[in-house]
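2 protein chains.
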Amino acid sequence: MARQERAIRTRRTIVEAAGAVFDEHGYAASTIAMVLERADVTKGALYFHFPSKESLAQAVLDEQLPLGAVPPHPCKVQEIVDTTFVFGQRLRTNSLLKGSVRLTVDQCAPPGVDHTGPFRQWSEHVVSLLQEAREQGELLPTVALRDTADLLVGAFAGVQLMSRALHGREDLAHRISVMWAHMLPSIVVPGLLVGLDSRPDRGARVLASLGSGELVGAQA
Amino acid sequence: MARQERAIRTRRTIVEAAGAVFDEHGYAASTIAMVLERADVTKGALYFHFPSKESLAQAVLDEQLPLGAVPPHPCKVQEIVDTTFVFGQRLRTNSLLKGSVRLTVDQCAPPGVDHTGPFRQWSEHVVSLLQEAREQGELLPTVALRDTADLLVGAFAGVQLMSRALHGREDLAHRISVMWAHMLPSIVVPGLLVGLDSRPDRGARVLASLGSGELVGAQA
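Those sequence lines, one after another, are chains A and B.
Residues 1 to 220 (the UniProt record's numbering) are what the first sequence spells out, left to right.
Residues 1 to 220 (the UniProt record's numbering) are what the second sequence spells out, left to right.
It is worth saying that the hints were derived from the structure and are not from the lab.
From a predicted model like this one, the values you see are computed outputs, not experimental measurements.
Treat the hints with caution; some may be incorrect.
Note: identical chains are not told apart, hence a pair may lie in one copy or across any two.
Here are the simulated lysine to any residue pairs, SDA-like style, with alpha carbons at most 25 Å apart [what the hints assert, rightly or not]:
id : residue 1 : residue 2
1  : K76       : P185
2  : K43       : R199
3  : K53       : L166
4  : K43       : C75
5  : K43       : A28
6  : K53       : D114
7  : K76       : E138
8  : K43       : S198
Chain A on its own, in the form it takes in the complex (with noise of 0.2 Å):
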């Protein structure tokens, strides 16, 4: 048991190296070597969990839905608003979740690995969330699920691209603070827009509700 859980941490350890210099470098130019000198684990440990750059990549990608996780909250549009927030806070902090995202976003993509997959994932979780707050009367009829699905997942890829090239992501939440006020009149009935919080401090108070564990857990 203790033997497993040993392999669970170094497996993290591991991920979370490759992650840190997937966003320094890149996929191209990243070498298994550098993720080894990061890590600090045996070749044979990392060789045990990860046969190939690929791989690795792999696993990065796929923490990328995990690490934007929230927690419940009845108003389901405010949980998708919630996830963009704290997605953006922990963006600033964590290097596992920088290098999935410039992953996903740099065209150099890596030859068989589906580096699109986080869009895909991304997409389906707010159509889900989106369908729920249709049952729950929160959305206008106008809008039409998969596409405003997309356009929220795609426009904040390009916020928070913008807002790393201009000021490596400094003011990223007052920039999604902006992106939701330009969108939400156009998804919500009137009625909810006055009770939904989208201050540009909404990811670091969610964060703080959730205790010190998951805040450390963002700075990692």
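Assemble chain B onto chain A, guided by the hints.
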């Protein structure tokens, strides 16, 4: 004079070849030899115009705004809308523009080249159009020019990126149309909404109105 014209044409051939090479391979993996081969010019001609790979990248980035030009429209918000559709349309066929956009959004930034220039230039351009729109009474009082301009530029960057990753940009016009359906109600005064054209075929129609010369340019 003939010699000068030939030099201008040669320079253009090289820039277009460089754009195509950067689009296919990304900045890091592109070489001057690849550009030489594609442009089919002499080494001397290439180095006369571009002493380095960085200067090629800079020239490709500098072409991005000119390639987004659209005819002026009396309604300035319509002119912004037209810019996104025409840009999207050209992005499907113009390799130079594709390469320029890839250099802008890929995190693998060419060292010594300001690859964030287009983000800032587009933002400036949209701010000045929004300023005119405001003076003409087109905008809601809640619109903050810089915030809204940055959102439009960032969201467009992400929407085209997601469309490229998932569908090779085939559905880009539809996605731009969805973006405007969600954005316009929070940007323009209600009386303007009905008159604005943000249907998916807007870009094709604007380009057609420019005549065949421009259309050929767009296919280059």
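Violated hints, by number in ascending order, as checked against the structure: Result: hints 2, 4, 8 break, sorted rising.
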